[in-house]
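A.B. asks: Residues per chain are reported as follows:
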Amino acid sequence: MIIIGEKINGTIPAVKEAIEKRDAAFIAERAVKQAEAGAYFIDICASTAPEYEIETLKWLMAVVQDSTDTPLCIDSPNPRVIEAVFKYANKPGMLNSISEEGDKCEVLLPLMAGNSWEVVGLTCDNNGIPCDLETKLAITRSMVEKAAKYDIIPDRIHIDPCVMALSTENNSLLNFAAEIKAIKELYPTIHVTGAISNISFGLPVRPLLNKTAMAFAIEAGMDSAVMDPLNRDLMGTIFATYALMGQDKHCRKYSKAFRAGNIGSLSK
Amino acid sequence: MLKIQEVKTLVETGKAKKIQAIVQEALDAGCPAQEILNAMIDSMGVVGDKFSAGEIFVPEMLIAAKSMAKGVEILKPVMSGDTSSSLGTCIIGTVAGDLHDIGKNLVSMMIESAGFDLVDLGVDVPAQRFVDAVNENKNVVLVACSGLLTTTMPALKEAVQTIKAALPEMKVIVGGAPVTPDYAAEIGADGYAPDAGSAGVKAKELVN
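Respectively, the protein sequence lines represent chains A and B. Sequential numbering of the first sequence, starting at 3, is according to the working numbering. Sequential numbering of the second sequence, starting at 16, is according to the working numbering.
What the hints contain is simulated information worked out from the structure, not anything from laboratory work. Just to be clear, a hint being listed does not mean it is correct.
Some but not every residue of chain A turned toward chain B, in silico, with C-beta under 8 Å [unchecked claim]:
1. 12
2. 16
3. 49
4. 204
5. 206
The beta carbon of each residue, even a glycine, is placed where N, CA and C say it ideally should be.
With the rest of the complex left out, here is chain B (with noise of 0.2 Å):
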């Protein structure tokens, strides 16, 4: 338990050097790798509400996920085989016309720590790729389309709606600079993150 208390502390402090060690360490006291994975999990929900309340900053998210991910991987060879622990696969990218990309990776981050499977279809993603992209991929439960620009504000709607259209079970979540609430939920959209801090806790949201 101790252990275990350790590891969520250098996740959330970012100690990617040294999480490894600790993680191993918890490994052999006997804790289950899925109780582990649950407390990263956790940590990084802390890390996202710290992040959208303003008490730590971009820097402070990156190297919080970054040792997660790196105790992700003593845990894999553990875990290999077992998907149950997986919320299941998102699929994330930035609409057509929409070459901005970094508000969209820190999203792609907190998703992927709040336990799902991205991926990553980059920038400039037609709305049609999407679509094609759930059905390329296993268990996917959840899209993401991001758009900074108000102008491809319009790319974001058709994106939502081609998805829709073509999956009308597939949940949406949409975000992006001029995105609000109630232009998520004119255009269809099933959620809505202001900041890669609450994308995480919403994705879960929309697929629980």
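Only chain A is shown next, with the shape it has when bound in the complex (with noise of 0.2 Å):
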């Protein structure tokens, strides 16, 4: 499972308080943890007004960069502040994201050329998110052959179906379920991401939704999140799901995972 973690964006109110008053140690802190918990990337989302957007994403990298070797996801709505704050990554990390809205392809796959960057891949377009497998698909393909143009290969190339909530969506884990069968089938080597918790919008007791969700998921073939990777019901979730599908070897990870403490009730 490759995971994106999510918990540096502008939009929780404690890190917008830290962004505002440029708490570097605050920031520091959420990356080093995160890294540690077994984040593969640090997602950076400044969630300002988009005046402030350049200056505020320049220095969460800065802090990041400074704070730990993992590398970033770098996440905005608008592809042109992505654009210019990619010369400030010291390495190749992610980018966050791609559709087929407005031009968002077309500024962001060419800085993705002759490099090792990867993509996020949202399955929307200017009419919003599809309800339907085939238009999902067929935004998808729209985006891999634009991405093969600058070589890009699927396997840097994170699809996200945009799960549905299952409040208002009583199919939503099974379309989720079908669109990730559907696009591996149509690119075996293409990642199939998310954000899970969507799905227990509008609905009590979300982490039993959302740790649920995440089993069928992963059995259905999504082996990307965009989640915290220091929620252990969630991160124990997936250690256990892949166990039980026998993909993890004699259980090792999965009890290597208890020893080092991630996963588990904590000992007092």
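Combine both chains into one complex, guided by the hints.
C.D. replies: Written as structure tokens, this is what we have:
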């Protein structure tokens, strides 16, 4: 499971405050803890007013890169902001994100030519998030074909089929699983990612739904996730699911995660 | 009267399959259609309050609204031509650059259940499109704009200001995760609601 750590995002009130105060120690601690817990990428999203977004991201990048070697995932809904701060990354990481909305592909894919940067590709376009599998697959195909023009192979793309809320779409998990399977069938080496916690919007005891959905999504083939690696319950579910699916030989990783204190209840 | 109480219970508990027969029975028993409609609107007010208070959840609110819509289907032929029951038309949409419509759809449902006619412009609606929609539709009394992303808050401001510049008397209500009551006031909106449950209540309050 490729974990994209989601805890440095300006929509989180404590992070917003740290950004406003330029509290580098707070941000650095979040970066280090996520890296230690197993994040492959540290997502950074400023979520400020557009006029401050570039300088905020630049500052976040400097703080995170000073505190950990884990690569960045540069996150902005505006591709030109990502383009502007791209040069401040000291090593390849991940761009979050492209989609068929506006000219995101046209702005961001050229940055990824000739290097090992990876990218999140959302299956949405100018009409929003499609409800049907066929349109999501068509958007995936289009993004992969555009990427190929810059010699970006599917292995560097993480497709996010945009999981919907169970509270408003009764088949949201079944649809998500079908989308994961269909995308993997189309491009076997592509990654499928998602923010699984969206599924529990509007319902009580969200963690219970989140970890159950995670197990089903892994079974369907999701191999990348935008999540909080410090969430022991969710991390535990991931290790347990791989072990149960026979993909963790002799349950070594599961046992190791327990000994490292990363899963299971915290001892007092 | 008893039948009306039954209709209310069926709305509040979201019994979409049973409600049509009971609404019909209420009509047959001599209850005025308007009274049945008002009862259902009241029930949706109760549902909205319970949702805002965290007592019920999104799917329960959805089925309540669906039940009301089913009941309204029976009332419509009886009430056709009578527009006096409507609170007026509400135009709704997410602002330019924002594709997130789950919250907006819930708000649409609650505003409609509060007794408004609804025109949903969908997602990524340019500021001017809201103004055009007011002019293209009859009896518009309220415009509702939503934005989920911090980065689309300027678009929300632009939408409100464009509407207010063209239609100074038009009431505008705003909402979305990053929006606060202070921000709503700062950009010149008349109202703000933190969730779908209270959006219906606030919408009514604004036009009364």
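A.B. asks: Now look at each hint and say whether the structure bears it out.
C.D. replies: Now for the hints, and whether the structure bears them out:
1. 12: holds (6 Å)
2. 16: violated (15 Å)
3. 49: holds (4 Å)
4. 204: holds (3 Å)
5. 206: holds (6 Å)
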